[in-house]
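Working from the sequences, and respecting the hints, build out all of it.
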Amino acid sequence: MTSHPPQPSAASLEDLAEAVRSLTGDELRRLKRRGDQLAFGTRYSSGLELLGEAVARALVGASGSPRERLKGRVWRRGVNFAAFMAMTMKGLASDSRGSLPVRVERQMEALTGDDGEETIALRRPGVCHSSVEEELVEREESEARLRQVDADARLIEHHFKDDDEVRAILEGEKADWPAERVREEYGMTRRAYDTARTRMRRGVDKLMPGRRLK
Amino acid sequence: MTSANRRTIEAMQALAGRDLEETGDGQIRRESIEDGLDPTLEARQVAESLDAVVAQFMRDRASTAKALRAATTPPGPRPRPTLARMEESIRAAFDREPRLAAVFREAKRQSDQDIRSLYDDLVSMGKIRRRGK
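Here the protein sequences come in this chain order: A and B. The numbers in this note's numbering rise by one with no breaks, and the one at position 49 of the first sequence is 53. The numbers in this note's numbering rise by one with no breaks, and the one at position 57 of the second sequence is 82.
No lab work stands behind these hints, which were simulated from the structure alone. Any given hint could be a false lead.
To be verified - In the SDA-like style, the derived pairs of lysine to any residue whose C-alpha atoms are separated by at most 20 angstroms in a straight line are:
{"id": "1", "chain 1": "A", "residue 1": "K165", "chain 2": "B", "residue 2": "E35"}
{"id": "2", "chain 1": "B", "residue 1": "K91", "chain 2": "B", "residue 2": "P106"}
{"id": "3", "chain 1": "A", "residue 1": "K210", "chain 2": "B", "residue 2": "K152"}
{"id": "4", "chain 1": "A", "residue 1": "K178", "chain 2": "B", "residue 2": "T27"}
{"id": "5", "chain 1": "B", "residue 1": "K152", "chain 2": "A", "residue 2": "D19"}
Being a predicted model, the structure only gives us computed values, none of them experimental.
The following block contains the structure:
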């Protein structure tokens, strides 16, 4: 029988408010930048908005009944708060970018024939949605998110279209290659790889301000 | 096309995230300056924005508790201490938790009704134990 160490207790609302207030200037700048990176392809217009949502979810997670806590993100004492915020932003961004569109894509695949024509199941009320209105709203939101993913990916690709090294490390990452393999395949030194990665991060930083209409 | 585009964005985020982790605080401050930003002001703006999120959450929570109380409390006079005692309790709660004072800034310019309302809010949040006259 294996014994697990006791899980640190969930922070109270007051602990959480204090942790937010105690973030240092360096941590705040770092979180904003990480938020800016993660906001691409999501419904969040900036890293600051995403960071604010992460704090709001953590507040929900620290308050109310166990049922209410399920809707939030629970920060446990002993976990580095800035790291927790970064992970929460990553989860929110992933939810916004991926889950709903993927679900809708899968629904559409399941409910359409090989030729893409909708089957009778798609037209049957209540199969996917409880009402026509809900279906329309969900579909509009999903399409808007899919458009956002496409637009932001094009923005990134266009921005780096003349930078072979940045394009190489992006392709390597997409193929799940370790850095060593990317360097070998594209004939890059460690220094060239590192500077290309920093160039990409700085380029992305500059894409963020005002990149999207509110 | 969307799956490929999603992978592009996720690849960028993974690489940029690792690079940010490996970049020192001093370098990030220098980059802020290069971008024409004042690092101190930048951090302060983020802090203020997060403060506003916390304050709004606390206010919403208090008003939800108030609405719930109104819906579940039978009509009639609610037991409250004297105004002077309520003010004393509020001051003590603010001294114990200075953040509460920031959340309820309006408490500094209060009418008698404001004090009663603020007292009820703090009772509902468990910051003051209700006591009668």
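Hints versus structure:
{"no.": "1", "hint": "A:K165 / B:E35", "in the structure": "holds (18 angstroms)"}
{"no.": "2", "hint": "B:K91 / B:P106", "in the structure": "holds (18 angstroms)"}
{"no.": "3", "hint": "A:K210 / B:K152", "in the structure": "violated (45 angstroms)"}
{"no.": "4", "hint": "A:K178 / B:T27", "in the structure": "holds (14 angstroms)"}
{"no.": "5", "hint": "B:K152 / A:D19", "in the structure": "holds (14 angstroms)"}
Violated hint for the displayed structure: number 3, the only one.
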